[in-house]
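Residue numbers (our numbering), protein chains in the order written: chain Z, 1 to 457; chain L, 1 to 234.
Read the hints as simulated data drawn from the structure, not as lab findings. C-beta atoms are modelled at their ideal positions from N, C-alpha and C, and glycine is treated no differently. Certain hints may be false.
Just the calculated beta-carbon pair ranges, DEER-fashion [claimed, not checked]:
| hint | chain 1 | residue 1 | chain 2 | residue 2 | range |
| --- | --- | --- | --- | --- | --- |
| 1 | Z | Pro395 | L | Gly121 | 39 to 47 Å |
| 2 | L | Ala135 | Z | Glu235 | 12 to 20 Å |
| 3 | Z | Arg359 | L | Gly139 | 40 to 48 Å |
| 4 | Z | Asp246 | L | Arg185 | 37 to 45 Å |
| 5 | L | Ser10 | Z | Arg239 | 26 to 34 Å |
| 6 | Z | Val219 | L | Ala69 | 32 to 40 Å |
| 7 | Z | Arg239 | L | Leu57 | 22 to 30 Å |
| 8 | Z | Pro395 | L | Ala110 | 25 to 33 Å |
| 9 | Z | Glu235 | L | Gly121 | 23 to 31 Å |
| 10 | L | Leu57 | Z | Ala201 | 45 to 53 Å |
| 11 | Z | Pro221 | L | Ser10 | 52 to 60 Å |
| 12 | L | Arg185 | Z | Arg359 | 28 to 36 Å |
| 13 | Z | Asp246 | L | Ala135 | 17 to 25 Å |
Derived, one-sided and incomplete: chain Z residues facing chain L with beta-carbon distance under 7 Å [unchecked claim]:
| hint | residue |
| --- | --- |
| 14 | His249 |
| 15 | Thr253 |
| 16 | Ala256 |
| 17 | Ala311 |
| 18 | Val314 |
| 19 | Gln318 |
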Amino acid sequence: MPLKRTSIARRLLLIATLWIAGTLCTTGWLLDTLFGRHVDRTYITELDRDLTSLAAALEWRRDGQLELTRQPADPRFELPYSGAYWQASAGAQTLRSRSLWDVDIPSAVQRQVGLGDADVRRGPRDQSLLVKSRRLQLAGGDAFVDITVALDRTELRQAKRSFRHLLWLSLGVLGLGILGAVWAQIRFGLAPLARLREAVARLQAGREPTLTGHWPTEVQPLVDEIHLLLRRNHEAVERSRRQAADLAHAVKTPLAILANDAATLPAPAAQRVSQQLDAMRQQVDRHLARARAAGAGARGGNAVAIRPAVAELVRALQRLHADKPIAVDIDGQGAFAGDRQDLVEMLGNLLDNAWQWARGRIQVTLVPDTNPGTHPDTEARTVAIRVEDDGPGMPDSAMAQAVERFARLDEAADGSGLGLAIVREVTALYDGTFELGKSPLGGLAVTLRLPAASEAG
Amino acid sequence: MRILLVEDESTLAAQLHQALTQAGYAVDHAADGIDAAHLGAEHPYDTVVLDLGLPRLDGLTVLKRWRQAGNDVPVLILTARDSWVEKVEGIDAGADDYLTKPFRTEELLARIRALIRRSAGRTAPTLACGPVLLAPGSGQVSVHGAPVTLTAHELKVLDYLMHHQGTIVSKTTLTEHIYAQDFDRDSNTIEVFVGRLRRKLGVDVIETVRGLGYRMRPPAEGPGAPDTPDAPCR
Chain Z
1 MPLKRTSIAR RLLLIATLWI AGTLCTTGWL LDTLFGRHVD RTYITELDRD LTSLAAALEW
61 RRDGQLELTR QPADPRFELP YSGAYWQASA GAQTLRSRSL WDVDIPSAVQ RQVGLGDADV
121 RRGPRDQSLL VKSRRLQLAG GDAFVDITVA LDRTELRQAK RSFRHLLWLS LGVLGLGILG
181 AVWAQIRFGL APLARLREAV ARLQAGREPT LTGHWPTEVQ PLVDEIHLLL RRNHEAVERS
241 RRQAADLAHA VKTPLAILAN DAATLPAPAA QRVSQQLDAM RQQVDRHLAR ARAAGAGARG
301 GNAVAIRPAV AELVRALQRL HADKPIAVDI DGQGAFAGDR QDLVEMLGNL LDNAWQWARG
361 RIQVTLVPDT NPGTHPDTEA RTVAIRVEDD GPGMPDSAMA QAVERFARLD EAADGSGLGL
421 AIVREVTALY DGTFELGKSP LGGLAVTLRL PAASEAG
Chain L
1 MRILLVEDES TLAAQLHQAL TQAGYAVDHA ADGIDAAHLG AEHPYDTVVL DLGLPRLDGL
61 TVLKRWRQAG NDVPVLILTA RDSWVEKVEG IDAGADDYLT KPFRTEELLA RIRALIRRSA
121 GRTAPTLACG PVLLAPGSGQ VSVHGAPVTL TAHELKVLDY LMHHQGTIVS KTTLTEHIYA
181 QDFDRDSNTI EVFVGRLRRK LGVDVIETVR GLGYRMRPPA EGPGAPDTPD APCR
């Protein structure tokens, strides 16, 4: 199941991405800050130690000069611009580490660090220094001595940077991992919906009459609802068919009576009335045929084998046209995904029309037309039903007219045209196609393309 | 020829009764399924015109009962049920033809004629026996091409005999097929009709088989039809 198809999956994934990103960013910031503070604290402790040992090494000489009695242990204080500096000043005199090379540690503070214990200053050669100062009185003198120790922050910053690097990398990997897990969870969680969709597709294609299988409690109500709808739909079709039949009976018998009475009228009136009655009869027939047609809406798990339906109709037509024996050949196999009565109605009209025109032969060809690629998962396919006769056929112009005439309901078609018009309308209910053409046998070839069920019979 | 008309709608039934009678048929009428089943089983009809939506017993059930009992009377279903599923159902129940309402009376009469003709094993619409020709639709009779005028009853007798030519038809059978059920029958009148027919036709086509009945067949030698002395019965 591709993710972008279902918006539920996309929504869940989007929400998950947002909260994962939020959580990981907060965690990263927190860890980064804590580590930064820890590193700062470590360096400040080192500065503290240096300060203490300097203070211990400073003394007032008898001449009132400040003197460093022993050099600090760290050799960096001896190396020029090494990054480690100290400076002690009292009044006008200042002692510096050799590394400072006669430059003062600048007094301009860039920012405070570690609760004000230390600060950051710009040092020589653009070094960023961590600086700690202390003012104290040495034994043997009243004057205050300001001792300042500074360390280059390059190392400190490097430590922080490499930590940050590692931190965000691992958080990124963690985030992706969680996202993957969420995706798997969504897929697993939504799997019943995908299954439902496939079951509905099978239902549509007429391979199953109901949504079979076990469903999670969240999906079961939906499945129940679908079943209920199917049943209601079926009942509605049945009801409308019953009503159509009732109406047929209620209207047609009076029409027959009127037609019989009309025959006793004087000639012009009789003709007029009988023409009008014919028009009424055709309208009634056509509308009843439409009312009866279940159409695609009732397509609930019906796979109707076409061949037996043709055979059954041929048997009936042979009896109905006992004076006109016709050889009917049926080729191919196929099943129609739809209502059986609709199929029989379409085939009946087609065959009856062919029978009226045929000289001696009717050919019925069934061609299941697999069309993979359009809807691979629903297996939407069509079946072509072609009915040909060896009669005189229809000129091209008449064919175009016929198709146009079928499209308009108001215009009364003649007896055979009415049958084809009904076929065309029922075909349209199934989103099928209806084509008129010339048959190699010489007569008319009518081709229907209707939704196919996979189960061929 | 005798027809059973099964139709519950009284106006239509009256119209059909009249049209069929005018066309020369003896007509019995049943207005519900039970009556229809009974009449069809009791009397030798030449055709039944059967409505399907009947009170008491459905037309299809009536038809199936007759067929199960071995009654192969030609049945034309005349109904408002016009879907192909219903047509197939009707034919499968044993109907020989299916006509939907509304219909033209001429169409119904033509189909009844065709049914009777087929059940008698004939294919041509015009019946011929030697020089005698009969067009069942119009009721026109001619001998050697010259039209002959017959009364309604004479025509009925000739029609039945011509449909069943070559076989012996008893007077009782003739009576049963030319009179409706409620008609006051007298088999002696059959002899009168046959006598008149022989006179009017002027050729020897109706043979009396002593003790059994009548048989219609082409004249052995054709005094009036030298070109077709042995014209077969068609």
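Okay, the hints, checked on the actual structure:
1. Pro395(Z) to Gly121(L): 39 to 47 Å: holds (40 Å)
2. Ala135(L) to Glu235(Z): 12 to 20 Å: violated (54 Å)
3. Arg359(Z) to Gly139(L): 40 to 48 Å: This hint is violated: roughly 32 Å between Cβ atoms.
4. Asp246(Z) to Arg185(L): 37 to 45 Å: About 42 Å separates the Cβ atoms of Asp246(Z) and Arg185(L), which means 37 to 45 Å holds.
5. Ser10(L) to Arg239(Z): 26 to 34 Å: Taking Cβ atoms as reference, Ser10(L) and Arg239(Z) lie about 30 Å apart, which means the hint holds.
6. Val219(Z) to Ala69(L): 32 to 40 Å: violated (57 Å)
7. Arg239(Z) to Leu57(L): 22 to 30 Å: holds (25 Å)
8. Pro395(Z) to Ala110(L): 25 to 33 Å: holds (30 Å)
9. Glu235(Z) to Gly121(L): 23 to 31 Å: violated (49 Å)
10. Leu57(L) to Ala201(Z): 45 to 53 Å: 47 Å Cβ-Cβ, so the 45 to 53 Å window holds.
11. Pro221(Z) to Ser10(L): 52 to 60 Å: holds (55 Å)
12. Arg185(L) to Arg359(Z): 28 to 36 Å: violated (48 Å)
13. Asp246(Z) to Ala135(L): 17 to 25 Å: Once the Cβ atoms are compared, 41 Å apart, the range 17 to 25 Å for Ala135(L) and Asp246(Z) is violated.
14. His249: Constraint on His249(Z) satisfied, holds at 4 Å.
15. Thr253: holds (5 Å)
16. Ala256: OK, holds: Ala256(Z) within 7 Å of chain L, min 4 Å.
17. Ala311: violated (11 Å)
18. Val314: This interface hint is violated because 10 Å lies over the 7 Å limit.
19. Gln318: violated (9 Å)
The structure does not agree with the numbered hints 2, 3, 6, 9, 12, 13, 17, 18 and 19 stated previously, though it agrees with the rest.
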